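Enquirer: In order, the protein sequence lines correspond to chains A and B.
Going by the numbering used here, the first sequence opens with residue 24, and the numbers climb by one from there.
Going by the numbering used here, the second sequence opens with residue 605, and the numbers climb by one from there.
Source of the hints: derived by calculation from the structure; they are not laboratory data.
Predicted model, so just to flag it, every value in this text is computed and none were measured.
Hints are supplied without guarantee of correctness; some may be wrong.
Said to hold, decoys possible - A few chain A residues facing chain B, derived, Cβ under 8 Å:
{"#": "1", "residue": "Asn112"}
{"#": "2", "residue": "Thr117"}
{"#": "3", "residue": "His120"}
{"#": "4", "residue": "Asp142"}
{"#": "5", "residue": "Phe158"}
C-beta: ideal position from N, C-alpha, C; glycine also.
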Amino acid sequence: MNLVEIITAKPVLIGLHLGFAILAIDAFLWLLGEMSQTPRKSRRLRLAALVGVIGYIVSWLAGGYYYVKFYGALVKPIIKAGEAPWVHNIIMETKEHIFLFIIPLAVTAALIAWLKEEDWQLLNIRRPSLVLTGFVAGLGLLIGLMGFIISATVRWGGGA
Amino acid sequence: MDKPKLIYASALSATLTAVFVTVLTIVAELNPAVKDWLKSLSGHHWTSKSILSIVLYIVAFGLCYALKHHIDARKVGISIKLAIWSAVLGIIVLLFFFTAHNFGWL
Numbered sequence: 024m025n026l027v028e029i030i031t032a033k034p035v036l037i038g039l040h041l042g043f044a045i046l047a048i049d050a051f052l053w054l055l056g057e058m059s060q061t062p063r064k065s066r067r068l069r070l071a072a073l074v075g076v077i078g079y080i081v082s083w084l085a086g087g088y089y090y091v092k093f094y095g096a097l098v099k100p101i102i103k104a105g106e107a108p109w110v111h112n113i114i115m116e117t118k119e120h121i122f123l124f125i126i127p128l129a130v131t132a133a134l135i136a137w138l139k140e141e142d143w144q145l146l147n148i149r150r151p152s153l154v155l156t157g158f159v160a161g162l163g164l165l166i167g168l169m170g171f172i173i174s175a176t177v178r179w180g181g182g183a
Numbered sequence: 605m606d607k608p609k610l611i612y613a614s615a616l617s618a619t620l621t622a623v624f625v626t627v628l629t630i631v632a633e634l635n636p637a638v639k640d641w642l643k644s645l646s647g648h649h650w651t652s653k654s655i656l657s658i659v660l661y662i663v664a665f666g667l668c669y670a671l672k673h674h675i676d677a678r679k680v681g682i683s684i685k686l687a688i689w690s691a692v693l694g695i696i697v698l699l700f701f702f703t704a705h706n707f708g709w710l
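Go ahead and model the full structure; you've got the sequences and the hints to work with.
Expert: Okay, here's the thing in structure tokens:
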């Protein structure tokens with residue numbers, strides 16, 4: 024088994040998708056804390072933002088590959104034939120599309136983290152920036168909750 | 605690089621991306637021909653939406669940055685709020701749309 028086969032194996036993809044999403048959510052919560060400090064510490068801000076954006080990108084790629092390659096063939100039929108087909112029709116359909124909002128929002132928050140202290144003071148964007156950063160973390164949590172509902176349906180609601 | 609202008613361009617492009625994904629998703633669900641066209645682009649409708657949304661974000665980012673000459677603090681603040689609200693509304697609209705679609709209300 025080579026490295027590509029290991030990385031693209033189903034449990035590894037799910038682990039990468041979930042693990043990097045958790046890392047990204049934590050990083051954006053960290054960024055929220057750093058952004059609320061006065062004065063802001065630029066090295067920590069940039070590190071948190073960078074980890075957050077990379078985390079979401081890796082989670083998106085791993086989750087996207089799993090979704091396209093395995094979900095439709097292996098998971099979706101179980102949910103659709105089970106006790107709660109609405110979980111695919113509503114939760115999964117919404118989840119897969121709102122994920123596409125995250126990367127542009129995360130990059131925007133990261134660009135704010137790259138502002139120099141004097142520009143940050145001058146622009147007076149503290150409140151919308153904190154809301155945006157918290158929203159990026161919250162959206163990740165919402166998508167995680169949707170993922171839990173989908174996994175739980177396959178485990179316990181699939182009619183098995 | 606003008607950092608406030610970068611933030612403004614990114615926030616406006618994020619707004620545009622959220623609107624694009626929401627509208628394209630609903631149109632594709634209601635028009636099988638559009639969904640088939642998306643599938644034909646990459647083999648899967650979601651992959652095509654992902655690629656198109658990222659391309660749109662990058663192109664819009666570049667255009668917003670290049671075309672706007674002066675960005676004041678107020679515009680940067682408004683662009684960030686627009687990005688947040690477009691995503692919030694996109695989530696509500698998509699959740700409502702797929703709920704309505706599931707229960708046959710549409």
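Enquirer: State the violated hints by number, sorted upward, taking the hints as numbered earlier in the document.
Expert: none
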